[in-house]
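For the record, the sequence lines run as chains A and B.
Per numbering that gives the first Met the number 0, residue 0 is the first one in the first sequence, and the count goes up by one each step.
Per numbering that gives the first Met the number 0, residue 0 is the first one in the second sequence, and the count goes up by one each step.
Bear in mind the hints are in silico, worked out from the structure with no lab data behind them.
A quick note: this is a predicted structure, and the numbers were derived from the prediction, not measured.
Treat the hints with caution; some may be incorrect.
[What the hints assert, rightly or not] Beta-carbon label-pair distances, calculated as ranges: (1) B:V18 with A:G73: 19 to 29 Å; (2) A:G5 with B:N101: 47 to 57 Å; (3) B:G99 with A:F51: 17 to 27 Å.
[What the hints assert, rightly or not] Heads up, incomplete: computed chain B residues facing chain A, CB under 8 Å, no partners named: (4) Y17; (5) L25; (6) S31; (7) I45; (8) K54; (9) A55; (10) V58; (11) A59; (12) M63; (13) N66; (14) I67; (15) I75; (16) M86; (17) V87; (18) L95.
Backbone N, C-alpha and C fix where the C-beta goes; we use that ideal spot for every residue, glycine too.
In case you want the letters, here they are:
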Amino acid sequence: MGLPTGRLAVWWVVASEIVIFGGILGSYVMFRLSHDSWAEQAAVTNTLAGAFNTFVLLTSSLTAVLAHQAAERGDGPRAARLLHFTVLGGLTFLIVKAFEWTYEISHGYTIGSNLFWSFYYVAAGLHGLHVIVGMIIMLFVARTAKRNEELHRVENIGIYWHFVDLVWIFLFPLLYIAK
Amino acid sequence: MAEHATAHAHGETHHTNYVKIWAILLVLLVVSVVGPEFGIRTVTLITAFGVAIVKAWMVAHYFMHLNIEKKWVVYIMVIMLAFMLAMVGGISPDVLKHDGHNWEKLWEEPAPGAGGGAH
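Only chain A is shown next, with the shape it has when bound in the complex:
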């Protein structure tokens, strides 16, 4: 196949994630089109917070790809540093999300309120779980990369992280902008 096993595995993960998130987002779009009243619900979500989080994830993707570049140059310590910055981006994203959810839940918008909020919490929640998983794996990869070991893993976790960023690129307009 001409592809390292690890990278091949990550691409298969991404392939399965496409249908997982695609199924959720596709279903959301179908229901959104048939429910104009969802616009009122979407108006509750904080566009500024969503935009800030998009900025954070795009920036974390930049540090992830720069870590890959450093790994290819054989500079493990720099790759590890950049991966730590990426983790910091993930953490910032989750903190902002936690504030958003606290506000929304305290104002009565819960997962059981109606179908819009069910989609909102399932899609954003599943995405948040992917961010957490990515951060944990990245910390392990950074540990070995720092010692200039297993540098190929830096690219593998990068592919996963970019995909998580890519999913958010679609979640942002769907949940925050379409009002």
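Got chain A; can you put chain B on it based on the hints?
For chain B alone, kept in the frame of chain A given last:
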């Protein structure tokens, strides 16, 4: 395609200016936030969703390196997207239409209220 494998094998670096790509993505983010503020449906669709597709393509192309990845990897991703679209295409008539040949949808999801609380 082959050069990617070679680059990995020999530890060569890519020469893409990633900071420039990131800067373009940020400009597109501003467009996707400002565009819908005009309140014009077409402008919203283009700036929010059209721009999202462009952003996603840029991330996949430059950051995930699909531009230099094996071609069959790209095919797998496209096939997965096709599966997703097939699912949406198959289900959407049931969700979006209320009647058809010899069938009628009797139940409809109630419209959510303006407030929070359970409905």
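Hints and how they fare:
1. Against the hinted window of 19 to 29 Å, the Cβ-Cβ separation of V18 (chain B) and G73 (chain A) comes to about 21 Å, which satisfies the hint.
2. Between G5 (chain A) and N101 (chain B) the Cβ separation comes to about 53 Å, which falls inside the hinted range of 47 to 57 Å.
3. The hinted window of 17 to 27 Å between G99 (chain B) and F51 (chain A) is violated, with their beta carbons roughly 44 Å apart.
4. The beta carbon of Y17 (chain B) comes within 5 Å of a beta carbon in chain A, closer than 8 Å, and the hint placing it at the interface holds.
5. Because the smallest distance between the Cβ of L25 (chain B) and any Cβ of chain A comes to about 7 Å, under 8 Å, the interface hint for this residue holds.
6. Checking S31 (chain B) against chain A: minimum C-beta separation of about 6 Å stays under 8 Å; hint holds.
7. Hint on I45 (chain B) is violated. Least Cβ distance to chain A is approximately 11 Å, over the 8 Å limit.
8. Taken as an interface hint, K54 (chain B) checks out: its beta carbon lies about 5 Å from the nearest beta carbon of chain A, inside 8 Å.
9. Checking A55 (chain B) against chain A: minimum C-beta separation of about 5 Å stays under 8 Å; hint holds.
10. Checking V58 (chain B) against chain A by beta carbon gives a least distance of about 5 Å; that is within 8 Å, so the hint holds.
11. The criterion of a C-beta within 8 Å of any C-beta in chain A is met by A59 (chain B), whose closest approach is roughly 6 Å, and the hint holds.
12. Satisfaction of the interface hint for M63 (chain B) is found here, the shortest Cβ-Cβ separation to chain A being roughly 5 Å, below the 8 Å cut-off.
13. The interface hint given for N66 (chain B) is violated, since its Cβ lies 13 Å from the closest Cβ of chain A, which is over the 8 Å cut-off.
14. For I67 (chain B), the interface hint is violated, the least distance from its beta-carbon to any beta-carbon of chain A being 12 Å, above 8 Å.
15. Interface restraint check: I75 (chain B) against chain A, minimum CB-CB distance 5 Å, threshold 8 Å, status holds.
16. Given the 8 Å rule on beta carbons, the hint for M86 (chain B) holds: about 6 Å separates it from the nearest Cβ of chain A.
17. The beta carbon of V87 (chain B) is positioned within 8 Å of a beta carbon in chain A (closest approach about 4 Å), and the interface hint is therefore held.
18. Proximity of L95 (chain B) to chain A holds as hinted, the smallest CB-CB distance being about 5 Å (cut-off 8 Å).
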